[in-house]
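K.L.:
Counting from 1 along the sequence shown, just add 9 to a position and that's the residue number in this note's numbering.
Please keep in mind that the hints were generated in silico from the structure rather than gathered at the bench. Only a predicted model underlies this, so the values are computations on that prediction, with no experimental measurement involved. Positions of the beta carbon are idealized from the N, C-alpha and C atoms, including for glycine. Do not rely on the hints blindly, as some may be mistaken.
[As the list claims (entries may be wrong)] Derived pair list, reagent style SDA-like, types lysine to any residue, alpha-carbon separation capped at 20 angstroms:
1) Lys-179 <-> Gly-167
2) Lys-29 <-> Lys-179
3) Lys-29 <-> Ile-13
4) Lys-29 <-> Phe-18
5) Lys-179 <-> Ala-99
6) Lys-29 <-> Ala-78
[As the list claims (entries may be wrong)] Cβ pair distances, simulated, as ranges:
7) Leu-12 <-> Lys-179: 24 to 30 angstroms
8) Gly-234 <-> Ile-13: 41 to 47 angstroms
9) Leu-22 <-> Gly-234: 25 to 31 angstroms
10) Ala-81 <-> Ile-13: 31 to 37 angstroms
11) Tyr-25 <-> Ile-84: 17 to 23 angstroms
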Amino acid sequence: MNLIASLCFIFTLLGYIVAKQLYRRYPVLLFLPSILVPAGLICMLLYFGISYDSYMQYSHWIVWMLGPATVAFAIPIYEYRALIQRHLLAISMGIVIGMCVGIISAFYLAQLFQLNQETTYSLMARSISTPFAMELSTQVGGSVELVILFTMMTGFAGGFMADAVLLALKLNSHFAQGAALGNAAHGFGTSKAFMRHREEGVAACLSMVLAGIFMVIFGPALIHGVVRFL
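Generate coordinates for the entire structure from the input sequences, incorporating the hints supplied.
P.N.:
Structure follows, in structure tokens:
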């Protein structure tokens, strides 16, 4: 079992490298490394009967690297600091509104399906990138495993629908499009934003990082307030 779990860890790394090259050659959404590799991993774990805990025993540091990877987004943000300063107020307001809408809509969705408290808190914490969502979920009493799943599902859905939604909104500004992608689809959206335009990627980085910081600071009070009064 340990040998197979180790092989799954190796597959995670090699699979990402191969999937990245494949996506560069065939830029189809289903070939995105963040979609193709997890799907392959799930199939392997199910086929060999490997538990999530066994897999994470060898792969937990990959999750830990999400934090430094998110911090690394500061580099393009610094390069475009003059542009960001001009739009900082607008993007901050958008993040606050998006944060409130995400938490409240998740709460009512949980009520609709009669989810338990742990699942509800995990769902309400999923509106930011994974490292921030994991910290927030721990603070409010959610499940780290569930919030990772919900965050990935949110990012995938946002990345999948991004082009159609942005086209319907008729946003002409690359900065506005990027901010929307980063706020709504986190890492998936930021990756897609960089593929669309450099300025979109920078806006998505800023939006994702600021949303994470705002949620970790103000999210616990907002989440408990929504649960108590709504």
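K.L.:
Give a verdict on every hint.
P.N.:
Tested hints:
1. Lys-179 <-> Gly-167: 17 angstroms, holds
2. Lys-29 <-> Lys-179: 30 angstroms, violated
3. Lys-29 <-> Ile-13: 24 angstroms, violated
4. Lys-29 <-> Phe-18: Answer holds: Lys-29 to Phe-18 is near 17 angstroms, not above 20 angstroms.
5. Lys-179 <-> Ala-99: OK: Lys-179 and Ala-99 at ~18 angstroms, within 20 angstroms.
6. Lys-29 <-> Ala-78: 17 angstroms, holds
7. Leu-12 <-> Lys-179: 24 to 30 angstroms: Taking Cβ atoms as reference, Leu-12 and Lys-179 lie about 54 angstroms apart, which means the hint is violated.
8. Gly-234 <-> Ile-13: 41 to 47 angstroms: Holds, at about 46 angstroms.
9. Leu-22 <-> Gly-234: 25 to 31 angstroms: 42 angstroms, violated
10. Ala-81 <-> Ile-13: 31 to 37 angstroms: Holds, since Ala-81 and Ile-13 (Cβ atoms, about 32 angstroms apart) stay within the stated range.
11. Tyr-25 <-> Ile-84: 17 to 23 angstroms: 21 angstroms Cβ-Cβ, so the 17 to 23 angstroms window holds.
Figure legend: structure checked against the earlier numbered hints; hints not met, in rising order: 2, 3, 7, 9.
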